[in-house]
Amino acid sequence: MFTRLYLHIPFCRRKCPYCAFVSQESTAAGLDVYARTLLAEMGLAAHTFTAERPLESVYFGGGTPSLLDPRQIGRILKRAGDLFGLDREAEITLEANPGTVDMERLAAFRSAGVNRLSLGVQSFHDPMLAALGRIHSAAEAREAFRAARMAGFTNIGIDLIHALPEQTLPMWRSELEQALALGPEHISVYGLTVEEGTPFAQRYDVDSPLLPDEDLAVAMFEEADDVLTAAGYEHYEIANYALPGRRSAHNSGYWRRDGYLGLGCGAHSFLRQGYGVRFGNPADLDAYTDAVAQGHLPHGEEQRLTRQDAMAEFMFLGLRMADGIGESGFRQAFGIGLNETFGVALAKLTAQGLLEAAGDRVCLTRRGMLLSNQVFAHFLP
Amino acid sequence: MAISRLRNFSIIAHIDHGKSTLADRLLEYTGALSDREKQDQFLDKMDLERERGITIKAQTVRLNYRADDGNDYVLNLIDTPGHVDFTYEVSRSLAACEGGLLVVDASQGVEAQTLANVYLALDNNLEVFPVLNKIDLPAADPERVIQEIEEIIGIDAHDAVLASAKEGIGTHEILEEIVKKIPAPTGDPSAPLKALLFDSWYDQYQGVIILVRLFEGTLKKGDKIQLMSTNRSYEALKVGVFAPVMLEVPALSAGEVGFVIAGIKDVADAKVGDTVTLLNRQCERALAGFKEVKPMVFSGLYPIDTAQYEQLRDALAKLKLNDSSFSYEPETSVALGFGYRCGFLGLLHMEIIQERLEREFGLDLITTAPTVVYKVHRVTGEVVTIESANLLPEPQFVDYLEEPFILAHIHVPNEFVGGVLALCEEKRGVQREIKYLTPTRVMIIYEMPLNEIVLDFYDKLKSITKGYASLDYEHLDYRRSELVRMNIMINGEVVDALSLIIHRDKAYFRGRDLVSKMKELIPRQMFEVAIQAAIGNKIIARETVKAMRKDVLAKCYGGDITRKRKLLEKQKEGKKRMKNVGNVELPQEAFLAILKVDDK
Numbered sequence: 001m002f003t004r005l006y007l008h009i010p011f012c013r014r015k016c017p018y019c020a021f022v023s024q025e026s027t028a029a030g031l032d033v034y035a036r037t038l039l040a041e042m043g044l045a046a047h048t049f050t051a052e053r054p055l056e057s058v059y060f061g062g063g064t065p066s067l068l069d070p071r072q073i074g075r076i077l078k079r080a081g082d083l084f085g086l087d088r089e090a091e092i093t094l095e096a097n098p099g100t101v102d103m104e105r106l107a108a109f110r111s112a113g114v115n116r117l118s119l120g121v122q123s124f125h126d127p128m129l130a131a132l133g134r135i136h137s138a139a140e141a142r143e144a145f146r147a148a149r150m151a152g153f154t155n156i157g158i159d160l161i162h163a164l165p166e167q168t169l170p171m172w173r174s175e176l177e178q179a180l181a182l183g184p185e186h187i188s189v190y191g192l193t194v195e196e197g198t199p200f201a202q203r204y205d206v207d208s209p210l211l212p213d214e215d216l217a218v219a220m221f222e223e224a225d226d227v228l229t230a231a232g233y234e235h236y237e238i239a240n241y242a243l244p245g246r247r248s249a250h251n252s253g254y255w256r257r258d259g260y261l262g263l264g265c266g267a268h269s270f271l272r273q274g275y276g277v278r279f280g281n282p283a284d285l286d287a288y289t290d291a292v293a294q295g296h297l298p299h300g301e302e303q304r305l306t307r308q309d310a311m312a313e314f315m316f317l318g319l320r321m322a323d324g325i326g327e328s329g330f331r332q333a334f335g336i337g338l339n340e341t342f343g344v345a346l347a348k349l350t351a352q353g354l355l356e357a358a359g360d361r362v363c364l365t366r367r368g369m370l371l372s373n374q375v376f377a378h379f380l381p
Numbered sequence: 382m383a384i385s386r387l388r389n390f391s392i393i394a395h396i397d398h399g400k401s402t403l404a405d406r407l408l409e410y411t412g413a414l415s416d417r418e419k420q421d422q423f424l425d426k427m428d429l430e431r432e433r434g435i436t437i438k439a440q441t442v443r444l445n446y447r448a449d450d451g452n453d454y455v456l457n458l459i460d461t462p463g464h465v466d467f468t469y470e471v472s473r474s475l476a477a478c479e480g481g482l483l484v485v486d487a488s489q490g491v492e493a494q495t496l497a498n499v500y501l502a503l504d505n506n507l508e509v510f511p512v513l514n515k516i517d518l519p520a521a522d523p524e525r526v527i528q529e530i531e532e533i534i535g536i537d538a539h540d541a542v543l544a545s546a547k548e549g550i551g552t553h554e555i556l557e558e559i560v561k562k563i564p565a566p567t568g569d570p571s572a573p574l575k576a577l578l579f580d581s582w583y584d585q586y587q588g589v590i591i592l593v594r595l596f597e598g599t600l601k602k603g604d605k606i607q608l609m610s611t612n613r614s615y616e617a618l619k620v621g622v623f624a625p626v627m628l629e630v631p632a633l634s635a636g637e638v639g640f641v642i643a644g645i646k647d648v649a650d651a652k653v654g655d656t657v658t659l660l661n662r663q664c665e666r667a668l669a670g671f672k673e674v675k676p677m678v679f680s681g682l683y684p685i686d687t688a689q690y691e692q693l694r695d696a697l698a699k700l701k702l703n704d705s706s707f708s709y710e711p712e713t714s715v716a717l718g719f720g721y722r723c724g725f726l727g728l729l730h731m732e733i734i735q736e737r738l739e740r741e742f743g744l745d746l747i748t749t750a751p752t753v754v755y756k757v758h759r760v761t762g763e764v765v766t767i768e769s770a771n772l773l774p775e776p777q778f779v780d781y782l783e784e785p786f787i788l789a790h791i792h793v794p795n796e797f798v799g800g801v802l803a804l805c806e807e808k809r810g811v812q813r814e815i816k817y818l819t820p821t822r823v824m825i826i827y828e829m830p831l832n833e834i835v836l837d838f839y840d841k842l843k844s845i846t847k848g849y850a851s852l853d854y855e856h857l858d859y860r861r862s863e864l865v866r867m868n869i870m871i872n873g874e875v876v877d878a879l880s881l882i883i884h885r886d887k888a889y890f891r892g893r894d895l896v897s898k899m900k901e902l903i904p905r906q907m908f909e910v911a912i913q914a915a916i917g918n919k920i921i922a923r924e925t926v927k928a929m930r931k932d933v934l935a936k937c938y939g940g941d942i943t944r945k946r947k948l949l950e951k952q953k954e955g956k957k958r959m960k961n962v963g964n965v966e967l968p969q970e971a972f973l974a975i976l977k978v979d980d981k
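Note that the protein sequences, when read in sequence, are chains F and P. Just so we're aligned: the first sequence equals residues 1 to 381 in our numbering. Just so we're aligned: the second sequence equals residues 382 to 981 in our numbering.
To be clear, the hints were calculated from the coordinates, so they are not data collected in a lab. Any given hint could turn out to be false.
As the list claims (entries may be wrong) - Straight-line C-alpha distance at most 30 Å; calculated DSSO-like pairs for lysine-lysine: (1) Lys15/F - Lys951/P; (2) Lys947/P - Lys348/F; (3) Lys348/F - Lys956/P; (4) Lys919/P - Lys847/P; (5) Lys898/P - Lys957/P.
In this text, all values refer to a predicted model and were calculated from it rather than measured experimentally.
This is chain P alone, in the form it adopts within the complex (with noise of 0.2 Å):
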């Protein structure tokens, strides 16, 4: 296929705006998709994102064409994340595009997470044009959209396509769209090596497949392929097209997309953003924009059953086989037993993580409390970074501390600036800028600390806009901070599982909230049992459990033995699922409950 037939793009879109029904409609109008092969939202692979909707590992797909200008076109539509947490990636996967499609829904509008995804695509100089979806629907107010999307975006939308994904309206005329506005790939196929390594996953059968888009050369079947960040070089077994379905071909050349199979044992070898060469025929330079991607947030897990360990770390083994953008290490709780530390991108990334560990492999976790990575500046002018409370040194040797801060994009109907305002002053926020995209709606711009975004501010968030809020963030920096380390102790016992890291303006309330929480969940014991909260060795919350006075069973029933002894056993079984701290034995769902003190 000829370079000036091709197209590469990807679809823009809120979650819920019908990326992934519209992805269907093409390809089932272009027969990539028979209707006996036809399963709703082809893209989507995982049950949890069918579920939720959002899109989480890219999937990219080959179509082939014929344009109303009679000429045959392969149309690559390269399928993007769906979640602030994975921006990267997403930039990743439109650097490898020349434009995309941006889908905005016809009755709700744009939507902060739209239009962070528009200036990435923007960034990379691609050809964006608009779509309406949706448009069958009651609501629909495509006028009033295409004012928006002019205003807020600034990208021309007078002749937006208008289309129903759900209803198969609009299809064809996207299609030509694509073919006209999206200008071809252009790059010299005799050129040295250069593909872009956009997505990699692992395949329990052929190891690591990456996917590529190559900007200058040819690569076939048999080259020897380096990657660039690692130096590392390896044979490619196989090179194809995804159409939907696997496909190999004998080459794929400049401005192609396909999938490579390199024997490549690890996906942390194949880093996203990397660079494709050939190993004996190099490219001069990789392509800009690479970055190494490190976990943000980071959270305990502990199976609730001792004995599943085994079965958890196996589990977090083989996720880690196909995203390495998490990690793991053992880490042992006093509380909890033994458990994992494990780092995520994200929060939504955290959750899927858990999820999938809960669904998929069966297991019962307790999660900790997510905590963001700090920098300790010692007093010796060593800095190092901590992802646990419990790592944190202590305060003599401590200089100052660090934490990240996010520069947070959440768009609002206007009737919630005030409440949002309110919840980034109290959540440390500085705020940087307000905008009204239009006369009702509104662009709060704040540089936050992460750790307040992990703690409960989304939550907190969607409850005061009514769920209207949607919120898109990005790292800014470090920024010294009044950090301290809050403890929970338990009769005197710190309860290493409950520590944390936070502002010391905060600590007073959030101690007090969680003392007095605590203090509902925690049953009577045969003594008295004190719960305070501290800061080094000052006690700033404390409450108290009174002792167990009673429990008996006065009544024998006719002498029945056996119920008596039921009840006990009952009893009995309870204390074993019982955590210890110290003499204190807590209920295991008291420490969820309290692992989870976010609802207000």
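Pulled out of the complex, with its shape left as it was, chain F reads as follows (with noise of 0.2 Å):
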């Protein structure tokens, strides 16, 4: 039913303002509750849910997952190959931010087995840091990502977000050169979304003279795609660069609809069932608490895909990619042929130079990416 395991971990030391994740401010014991819990419902899963095959991928996302202590990172992990088996090449990712790291607890991450980081430094420029509401400086980020290294990390991430309040192309470059210049194995690069219910959202309108342009955001975009690229990353998805070998496997997990089992308060899994099975836990922590305290799967409603639903998320998410999607894989999937199901809409949209076909894939144009909502909009139902 899934090879690949999620864990949300909704604290932090600070709630940024832009952040629409399910994520609180946390305390010690918190955490600690907290992590026992995931152990529990981990234990309950195990009893409704199998895997596949031993895991390929354990994600630990947030929230600050940097905020656990590595003696539970290491209960987790063992627990998670206990029940479901751990692929003893498995990409194993945490989520850490600068400022809640130093060398040492990134190396007990590491005894713990975790093999990749992904650091969230958004901005090497301070008052953007500011700006944004992190609890870290450059100067911070740099020396976490040092440190990261020191402690024997091989596969490190960092995340940089760019269409931010009053920020300029050359601003942006200069995050870019920063980046390239502590040489990560991983960039993704996120346009910032002003996100409904955040603060930012009272902060900023869609249309405040503040946010870069809709010119602005894309020649940002192209700006990341050009230089990135020159310095040897492959733009392997829509906002995610990467060295040769290093793309993430699990987020790759995402859109190859691999299945995947969510744990903890307002995570999301997917199970290979049919056309595949959707449901999440619940996004409010005494709820997911108490649910898993009285012994229950946390989960909602869980969502039976159609065929249809399934053909659209093979588009929808296959084309994020840069590889696009293949011929072959949809007929494996579907038993019959992309073009005879959407050869209207895929016309239309090589047409509008969207789409392009390479072989027997069809994969986004780099125009396509940036207006890739309105070319998914075509597959739904």
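With the hints as a guide, dock the two chains, each given alone in a separate frame, to form the complex.
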């Protein structure tokens, strides 16, 4: 039913004003209770769901998972191995925020089994970090990166955000250069989306003159593509760049519709059963904790996908990757050809310069990546 | 009841001056309405009317009153619709009366609409006496208002009744004045029947009900009657009065007012102003003043949800049952789909119909910009009328165009005169007269093209005068004008719903206005969109909406694909509600906003 495991850690030192993820400010006691709840949930889940084979990736996301004690991480990984099996080659990622880790702690995470680090750098510009409400400075971000290397991590990704308030193209170029100077294996580049319900949404209207306009945001996206590709990174997904062989296996699983079990408050799961089943855990921490304490799997309503749903997902997830989707993969999954199913849309989008064909594969053009929502909407039932 | 004991009267008042409340007091006082039956403002039946405080359909009611002289009288209160769009109906209701109560708000004084209706009453030889209402209000200034009535209207007002319909003050005095001042009707009950049809409506159980005022003769149940304008005859199945509930009587005779139910199927056959006579004993001549009412203002009504087309058709048919003055014809628009071209007496009438369709029938409608009826003189000498810009023939077939003019009476405090004059000039008005009614109140009279009035004149007038102006108008004539058809094009395709006929001098500014507004409203598409205003082949204004370049969701929320999918679904749903013009997708809201291009 699944080959990947996601664990959500909904705690942060401080909540960032642009963030719409499930997260709240942490206490040591709270973290401890939470880690034990996760273990309990994993036990419950193992009664109901089975892994197709030993887990190929584990991902601690948040929130700020690096707030967990390395021993807790160790216990969780051990338990996962016991219950589901853990491939020797499995990618085990921990999201870590600068300011929450030092070398010693990072080394402890590594000993616990973590072999990939995703550092939430976001920016190398202190005023920007302050505006984003981050708890770290640019110097601390660099420090955290070096500490990770010294702790032995050979697979480190960093996150950068562009299209930030009052950001200019030269400022963005400088961000990219500073990222490259560190030499990470992986770089995620996100455009800021002002999410409803966040303090940022109150601070910045959609058409606030402080936010970069569409043309500038496009220029920033293209700049990242140019600069990072020239530096040897593969632009392998709309928002992700990696050195050869260093793509995120776990995230690629989302786009390929691999099965994954999501544990923790606000986590989502996708099980390979029929055309696929999706469900999510409650975003409310108490509701989540109470359910597990009472011995129930905490997830809400299961959504059983129809063939049409699955076809749509195949398209709008698969096309996120630069490799796009393949005729053979589609036929294998649905027993019908791509063109018989989406021929009209594919032709139209190709004519509009949003899609291009390469052999038996179809993928987004660079313009298509920027307009991907417009492309994806065509494949919904 | 002897004819000498009959009194037929109307109440003439401006909106809000308290006509309906006063009518209630008269009904209560005479016992026509018990407290239990009492429902505020009995005369205004429809919710809409009550909400807006205006009367759309006239009602009539018979009151029995024992006067101070010890005699019993029958008083027929004939209500009149209260808006400029219904001038003809008002004049016919007034023609059914011998007298009128002029109700004036004791603090606000005389308004243009009051004035227009008083003149109508005087034209119909009514005896008019003034009542100052709302004298209980602190701002009441009866002295000033009495002087105003005398100066502006020229009727004696020194003994005006001081009343407060709300507080029930002055009701008795008003009833006494009706008896004393208003003349009894005259007429010979044995002469051939000659009755004025002054209102009609459709009742789903009884068919068309007509209200008549008998001038000569007698009308009994079972009589064969004839309507003189159509020469159609019917049997009077029921004859009666409203007291205020329907009450059958054996007969109505000269001087009386009442209803007749005669198996008429269609209100369009019961035309207001028509003369009712007997089939076998006809009166010599029909009553003067009959007119066929024709819609003056037209607009397209389209269901926002195309699935509501059938419902719209049924709703229009139902409304038409009760309102022969509006018309509808199927119409198709490339941009809006299937709808109806509807004709109305005026803007208020249009608004009322639109609101009733939305409220009573639950329809969501797009209304295209209102237009008037133009006369097209073709080069062949043939003259055709058109009520939609899309029907205007190509320029080479047109010799010239004529447009309807009206005579506008604008009543305004003197500090706004400058602004109003500027507005009238801007709207191509021709000044006829400026009258200082009092040192502070002015009557501005202009001849104006109706198409400017229906565009946005009323809104602008209100904003210039902070709501203090009142407007009344009557139709004058058709005049030759430099009119052109202006098209709005999106990527070269004409948006038929936005085409309009406009004076050549106005086209440039209006065109520029429209395209710049549309630029704001049309969302970016996958390609550049050109918005142009054109007269014939000549482009007079242009704006460009740049192509959309970015629409991307970056972050995946820990594998929450469902959320991502919902966002995409929302986007797709939005597209479904778009109207396609050529290859451009326009949101419904943009259409609505463009059609309402009057906020400035």
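Item to check | Those earlier numbered hints the structure runs against, lowest number first | outcome: 4
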